[in-house]
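Asker: Here is how the chains run, residue by residue.
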Amino acid sequence: MFIDTNAYIGQWPFRTLPDASVDALLANYSHFGVERAWAGSFDGLFHKDVAAVNARLVEACATNDNYILQPFGTVNPTLPNWEEDFRRCVEDHAMQGIRLHPNYHGYLLDDDRFKALLQAAASHKLVVQLVTTMEDERMMHPLMQVPHVDVTPLADAIGDIDGLQLILLNAFRAVRGKAIDTLVATEKVGFDIAWLEGIAGIERVRSQIPVERLHFGSYTPFFYFQSSMLKLKESDLSTEELNAIQGGNAEALLA
Amino acid sequence: MEIWDGHCHISGFSGTPAERVGKSLEVADRMGVDKLCIYMGTSFQTEPTAAQLIEANGQVLEAVAAWPDRVFGWVYLSPAHLETSLAELERCVANGPMVAIKLWVAQNCDTPEVDAIVKRSTELKAPVFQHTWRKITGNLPGESMAVDLVRLARRHPDATLICGHTGGDWEQGIRAIQPIKNLYADLGGGDPTAGFTEMAVRELGAERVLFGSDIPGRSFGSQIAKVEGARITEAEKTLIFAQNLKRLLTPILELKGVAVG
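Chains as they are written, first to last, in this note's numbering: chain A, 181 to 435; chain B, 65 to 325.
Where hints are given, some of them may not hold.
Straight-line C-alpha distance at most 30 Å; calculated DSS-like pairs for lysine-lysine [to be verified]: (1) B:Lys183 x B:Lys199; (2) B:Lys310 x B:Lys183; (3) B:Lys245 x B:Lys183; (4) B:Lys87 x A:Lys413; (5) A:Lys358 x A:Lys295; (6) B:Lys320 x B:Lys245; (7) B:Lys310 x A:Lys358; (8) B:Lys310 x B:Lys189; (9) A:Lys305 x A:Lys295; (10) A:Lys413 x B:Lys189; (11) B:Lys245 x B:Lys189; (12) B:Lys199 x A:Lys358.
Hints are computed from structural coordinates only; laboratory data are not their basis.
Please put together the full structure from these sequences, using the hints given.
Answerer: What follows is the structure, given as structure tokens:
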């Protein structure tokens, strides 16, 4: 199964993205043979009424008959009663995962509330997606410069959480070198390829990150969907590696 | 669809310059990229000495000699070393195989030294590629922005000038260069942010937009996606991928007796 682990619903506030409508997303997925897309919500970064954001996300994802779009709800553990947002994701919406934006929500990864959220997700077998970067730091609006997520405390935070399945999205803009090694060593962290750069990037990064921890993610509609598609072609990958990155690894997280 | 990549480097691999280009071409073949324009040497210096400029250009000449049918060399110059730069222009372009000029971040482009480089480049019919970026996090001391390049371009209406990275902050870069008809937008080197190419084509016309990848630091895939994924016509994609750069390089290639095809 071909799974895009990194899609968003809605509009980015600082730019009109050409393919942001659900119809446009689905057209791309149909054209390229994507069968599932794990979708978060841009509104989830900025809105405090997270329950309404997630309800709209579920509604938007339900507009396609084939269930291609799978909602990954927002949970902001700095908000009062965030546990109720989490409960609704699990019980009311039957979501398979949640998407976190610590930098936009204003907490660090050594925060006890973050750890409590991860423990709750693990106990309900939800995939957790943690987005470390949304935008090139050089390009941000001058009044909204959001630092990348500092992942330094993450290995310690997740060390004793059994069953946690965590994917870092857009990580390669800011997470590099030994930080990657430390997270790979936890055997609980995967990475999507949306922000993986460099010639034949997947070929190169697989010496540092096992292929079973790499996931296809497009970051559409912020990025052109074709970017990650073409990265698959750019690297010399075996059929097994290609299948794993395109969806096998993501599917295994849901098993 | 034919692809000429106007923004390539030879850093990031091991081996001789020719071997590095050979490795890039293996990947280029996978991606359908026909020609690579390479500049700067195997390592980057933001403020190269005169000797380092000569060394970097020597490495590019070596690579061009090894892959003459696939690679164009662009000479790396620095206004901080004007005498050497003008001499390199003669060695590598007037009397050598290189066909264009690369200026990076050693000194802002809105200076008399750059005027001298552009004047001679124009006489040689060689386009000048100037790196530009407008960073909200702060520019390097000598790093130019698109607005600086606009001031330079106004003084040289007969020159062919390429705005590297379209100013980095491309929404501002496109706005800045829009009125200056001899300024071209290089798509290379930034993120594959949706809407970039559509805005460039809308504001500049497809004839002023050039494909570039900025490999090996960037991915061919992420950069090709800016054109393939854009909501523009197939004819516009053809222009951006190859025909525009081919048109800009035709005068100097003809002078050198190189068949453009």
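Asker: Now look at each hint and say whether the structure bears it out.
Answerer: Against the structure, the hints:
no.: 1; hint: B:Lys183 x B:Lys199; in the structure: holds (29 Å)
no.: 2; hint: B:Lys310 x B:Lys183; in the structure: holds (22 Å)
no.: 3; hint: B:Lys245 x B:Lys183; in the structure: holds (17 Å)
no.: 4; hint: B:Lys87 x A:Lys413; in the structure: holds (16 Å)
no.: 5; hint: A:Lys358 x A:Lys295; in the structure: holds (22 Å)
no.: 6; hint: B:Lys320 x B:Lys245; in the structure: holds (26 Å)
no.: 7; hint: B:Lys310 x A:Lys358; in the structure: violated (43 Å)
no.: 8; hint: B:Lys310 x B:Lys189; in the structure: holds (13 Å)
no.: 9; hint: A:Lys305 x A:Lys295; in the structure: holds (15 Å)
no.: 10; hint: A:Lys413 x B:Lys189; in the structure: violated (37 Å)
no.: 11; hint: B:Lys245 x B:Lys189; in the structure: holds (17 Å)
no.: 12; hint: B:Lys199 x A:Lys358; in the structure: holds (27 Å)
Of the hints listed earlier, those the structure fails to meet are numbers 7 and 10, in rising order.
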